[in-house]
Every structure is written in structure tokens, then in C-alpha cells.
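**Q** Residue numbers (the working numbering), protein chains in the order written: chain A, 1 to 154; chain B, 1001 to 1154.
It is worth saying that the hints were derived from the structure and are not from the lab. Any given hint could be a false lead.
Estimated spans, in silico, between C-beta atoms of each pair [stated by the list, open to error]:
id	chain 1	residue 1	chain 2	residue 2	range
1	A	A45	B	K1122	38 to 48 Å
2	B	G1012	A	P90	26 to 36 Å
3	A	K48	B	P1081	12 to 22 Å
4	B	A1079	A	E16	44 to 54 Å
5	B	G1104	A	E43	29 to 39 Å
6	A	N146	B	I1098	10 to 20 Å
7	B	D1124	A	E25	38 to 48 Å
8	A	L76	B	P1081	33 to 43 Å
9	A	I98	B	D1007	21 to 31 Å
Glycine residues also receive a C-beta, built at the ideal position from the N, C-alpha and C atoms.
Protein chains: 2
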Amino acid sequence: MMGLYFDEIEPGRVDELGSYEFTREAVLKFARAYDPQAFHLSEEAAAKSHFGKLAASGWHTAAGWMRCYVETSMRLAGARPDPAESGPSPGFTQLKWIKPVHAGDTVSYRTTITGKREHAGKRDWGLVETYNEGHNQRGELVFSFNGKVLVRKR
Amino acid sequence: MMGLYFDEIEPGRVDELGSYEFTREAVLKFARAYDPQAFHLSEEAAAKSHFGKLAASGWHTAAGWMRCYVETSMRLAGARPDPAESGPSPGFTQLKWIKPVHAGDTVSYRTTITGKREHAGKRDWGLVETYNEGHNQRGELVFSFNGKVLVRKR
């Protein structure tokens, strides 16, 4: 992650990942491809649903986090002469969709390193644990999850 | 979910959700929009990475599940005279990316109802818990998570 090596990772580190705008167009495009529930596809259906107005798919909120995470990582890695290779993620826990993200909202994402440890069976990689969150333009927490990613050792 | 009311949900129920083909085009399209890491964008970069060959973003594997889940739900709900309204998901736990999904793979998804319970503060909705999995065309488990979704009571 971020071009950092496992050895350099310090729990407590916080990185602001920038923001992603959930334009009406982006919300509809994601929903048509991956989550074609009526309330993600039209204002009319959304108005009649529990959402009240057009809302992004929860998986879109997650994909927006990934987009911001990757862009920030590529920028930080690009600024290093010897960036660490990005590793895969074995998965994550406790993903929460806390509030709807409506068309027109902008979500700012942040990642905090919460821990690091050896990973069974991997000698060249360590496991880094993170807490990730997204706040909308009103400062409301709308999304969070606890992530895990494998990071190269030097 | 599935047009079923909370009262009708029976733990143990298994639904096959059909499959999603991770064509090269679909892999690249998702990666460009949401996960532009080099190993998701070109065969050359993938060959030099831990993946070895072009692999779908893990979030794409999740979005493929959603696509299959929504299509199956719409079909089942459409076959009922009185389908229940779909509810939001508060989130999920233990999402696992178990094996890479490579360009050209087809993943078949399945959802199993593992439990149901009252949800604090919601009188008209109950919480349904699920175990969800995806297997590739060789029958290998590549993806799983424990989901939660709010379902309308009658």
C-alpha cells in the first residue's frame, strides 16, 4: 500500500485519500452495470422507496473508496525511487453502510493503519490492518470498514 | 430480498444466483473506473505481479455477486403478485477474496440464509443474515462474505 514496505508501516498513520463525487451520471452508470435495483436507477422509484431520493449502490460507495485509495497510493509510490509492490487483500471485516449516499454527494475517504503482523505462509509479505471511513460533504460518516492488505517486506 | 417477506424467510434456504463472466473487456472497464492498479489494467503488468496474469479487481468480484443477486431477486419478485419491497443493507462481515478471478473466468454465485432476527429501532423490517459464495468454472471457491439485509415484514 502507498508504495511503503512492511518494515516502514507504522500503526497510527492516517492518510487522507481525497474524495469521489457521486454524480447522478456516475450513480446511474454503476447501478446499471452492477446493482440495477429500481431505487438506484430513477428518481421516481427512489422517491417511493426507503431512500426517498436517488442513492448510490453501497458497492459504488466501496468502489469510490478503492478509486481514491489507488490514486493516492500511486501518487505516493510514484514519488519514491523504490516503491514497494502492491499486494493483494485477503478480504476485510465489518463493512458498514451507515447512511445513504445520494446523487450529488461527495464522499471524502481516509485510511488509518491499525495494526501489522506476520501472515501465515508468506515469508516476503506481511499483513497490514486498516480502518477506513468515508464522510459526506456535511461531515457525516456514511461508510466504514476494517481492511487487510499484504505488503512487501524489504 | 427476492421479493420475500421477513415472515416467509426460512434459514437454510439456498438460492443459486446464476453466473457472471469476467470478460477481459469487463475486467478492464471496472478497473479503469474504480481500481486502476497496473495489474488490473494490462496483461504485461499482471505478468510481472503476484497475480501472474490479468485479474479482476476484488471489488468487481463483489459487484458481480450483486448483479447476479439483483437479477435473481427481480425475477423471483416479478413472479409474485405482492413482492416485498427490497430493503437496504447495513453492511456485512468477513468478506474473503480467496483466489484471484482472472480475465475469462466465470463465477457462479449462491446465497444461503443463515439467520433472521429483529432489528433494533425498526418495527416494519427484520434483519436477515446470509452466507454468500462464488465459485469459478473449475468449481473453486474464490469469494465469500456474510451479508445482512433488512427485509419488510408483512
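**Q** Any hints from earlier that this structure breaks? Give me their numbers in increasing order, please.
**A** 1, 7, 8
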